[in-house]
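Order-wise, the sequence lines are chains A and B. Residue 810 is where the first sequence starts when you use the working numbering, and the numbers rise one by one after that. Residue 146 is where the second sequence starts when you use the working numbering, and the numbers rise one by one after that.
None of these hints come from the bench; they were simulated from the model. These numbers come from a predicted model, not from an experiment. The C-beta atom is built at its ideal place from N, Cα and C for all residues, glycine as well. Careful: at least some of the hints might be erroneous.
[Claimed, not checked] A few chain B residues facing chain A, derived, Cβ under 10 angstroms:
no.	residue
1	VAL178
2	PRO201
3	ASP203
4	ARG207
[Said to hold, decoys possible] Residues of chain B clear of chain A, computed beta-carbon distances all greater than 10 angstroms:
no.	residue
5	LEU167
6	ARG192
7	ARG198
8	VAL204
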Amino acid sequence: MKGGEALLEALRDRGVDTVFGYPGGAIMPLYDALLGSGIRHVLVRHEQAAAFAADGYARVSGRPGVCIATSGPGATNLVTGIANAFLDSVPMVAITGQVATPMMGTDAFQEVDIFGITLPIVKHSYVVRHIEELPRIVHEAWDIAASGRPGPVLIDLPKNIAAGEAHGAARVHAPQPAPVRADEASLARAAAMIAAAERPVIYAGGGIGIGRAVQAFRDFVAETGIPVVGTLKGLGAIPTDDPHFLGMLGMHGTRAANEAVQKSDLLVVVGARFDDRATGKLDGFAPGARVIHLDVDPAEIGKLRQADVALAGDLAGSLAALGQRPRIAAWRRHCLRARAEHAHRYDAPGEGIYAPELLRRLSFAAEGEATLTCDVGQHQMWVAQHCLIRRPERHLTSGGLGAMGYGLPAAIGAQLADPARTAIAVSGDGSIMINIQELATLKRYGLPVKVLLIDNQSLGMVRQWQELFFERRFSEVDLSDNPDFAEVARSFGIDAMTIDAKGQVDEAVDALLNHRGPLFVHCRIDPAANVWPLVPPGHTNATMLEGSLQ
Amino acid sequence: MNRTIEVSLTLAEGAIVRTLGLIERRGFVVHAVETATEPQGGALVLRVEVGSRGRPFDVLLRQITRLFDVRHAFLVEARAGQRLVC
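Just need the whole structure built from these sequences, with the hints factored in.
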């Protein structure tokens, strides 16, 4: 058996049936082994998209996504996707070709030190020096990627190792590490604090979905009755139309969510990390609250806000031990009243399309069952603010890295992980151009992914900040020379339509949910539309700017 | 404020660079490094004098400990000679 075959055999042993990649010189022996391997390879058109697609696949399936690239530029093109998986705690195994071991360190053709380049953005990494190590490394990489706080693991595979004969390479199946449990004394203290709280708030993060603790979390919310706010990645931990949910907190959060947090006397932080976009100015965040912090990663506890009780360990296990119902009827009524008073409005004037209303109608028409992937910018915040999201794995967004170009390839991964579910990539006219070549991947594989492009002819979020915080000095944000996106999509063989009036919204929503095969909907909106509300940079979440609907 | 951290590492490619890089990336300053091979072999002991401008050492210790090649890490208590094992 050759090295490449041994690697694929180890992946098959872990149940891998789909990988995303792009071939090249140093990785050719692995691509040779792929033929007849039983593993489906999805050929993307840029390595960055391979990593993003593997990321989307992993978030939906709950299992590590696998991406493959050759050495040199192929490997460096993976870097943004690896960083994205690292910052959003997504399990991934990234395999890169490398020049043959005798050539390493000689500045050979297409040689880069991808092991060194990615050290800060991987959970772990390997250079395979001996063929016999391959099965162990693949199994170990898989376990590291998937266990505890998930993340990406890199395997750098020299060409001669992939091509060489593996003698005596034993199959290895390392046992999965057991989940770590929080200690009983801390759980008891936390339960007592919850029972005694008068104005508690649950601050729900992406760890709930990634840790597959959604049901345990929902049981905890139902038992305690405590109001919930969510981070961008925590959306869907409970349905966004659940009566306990006050909205997203932070920079583009709801007033009800931010006010509840600021007034709270107890924050129960579940799988969240006090990200600056969620907290605003940290030293003014939830100033009167004690903190119970639950996280599978002990290194997140106390990093930015000291916890009064630290519960490091498996979230589901900890949540099951905390079902104390506090007496908070008045507080709940106050929170619900605030939610109703500050609810988003959709009565925008004029005949143009109001993107929040379009997105809201789309998600409700899908009954929260479609997988929505996002790029980065204004449309990303509108999705988070206005869409019905019923599960974390149905809202795929680049939260930590904020990588434009994520949405379309992530939708490809999501569609392949759950073929029966509609996957809709919501993008902007800046973001779509980062990985627009992946329309070719939709066409090649006949993937029924839908693309909803919100086009404001600018880099909208940057333009908004220049308008509000740089005295309207607009610098390099104009995209009014965009191509005709519908024609671009058609040139890839994708059906397309363009809309720009309110009266066309129903037709577009119907097409996005019912069109057979891939579809590209190009939606023109007012270039001056902004995302509201907004906490200005450097302020606490008590300061929220509001603007008019456009 | 300076403290000394002792880290026991599996002898694996990149283990030292990964550990020192993490310390610097997390906002600490590496002032001095000593290395030694553990008597039993197979592991490396790294003693790092680390400076902080207010970031907590206990969080850094947990960040180091979660690295796959790290067997254990602790703060060397300069005055009391005590060790806080993580």
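According to the definition I'm using, a residue is off the interface if its beta carbon is farther than 10 angstroms from all beta carbons of the partner; does ARG198 (chain B) meet that for chain A? 15 angstroms, holds
Agreement of hint ASP203 (chain B) with chain A interface, Cβ distance less than 10 angstroms: This hint holds: ASP203 (chain B) lies near chain A, its Cβ roughly 7 angstroms from the closest one there, short of 10 angstroms.
Is LEU167 (chain B) truly not at the interface, in the sense that its beta carbon sits beyond 10 angstroms from all beta carbons of chain A? About 8 angstroms separates LEU167 (chain B) from the closest Cβ of chain A, which leaves it inside 10 angstroms; violated.
VAL178 (chain B) as an interface hint toward chain A, with CB separation required under 10 angstroms: This interface hint is violated because 17 angstroms lies over the 10 angstroms limit.
Cβ separation check - ARG192 (chain B) to all of chain A, threshold 10 angstroms: ARG192 (chain B) is indeed farther than 10 angstroms from all Cβ atoms of chain A, at 21 angstroms.
Closer than 10 angstroms between Cβ atoms is the bar; does PRO201 (chain B) clear it against chain A? Give me holds or violated. Where the cut-off is 10 angstroms and the nearest Cβ of chain A is about 6 angstroms from PRO201 (chain B), the hint holds.
Given as non-interface: VAL204 (chain B), which should sit over 10 angstroms from chain A by C-beta: 5 angstroms, violated
Answer holds if the nearest beta-carbon of chain A is closer than 10 angstroms to that of ARG207 (chain B); otherwise answer violated. 4 angstroms, holds
The structure does not agree with the numbered hints 1, 5, 8 stated previously, though it agrees with the rest.
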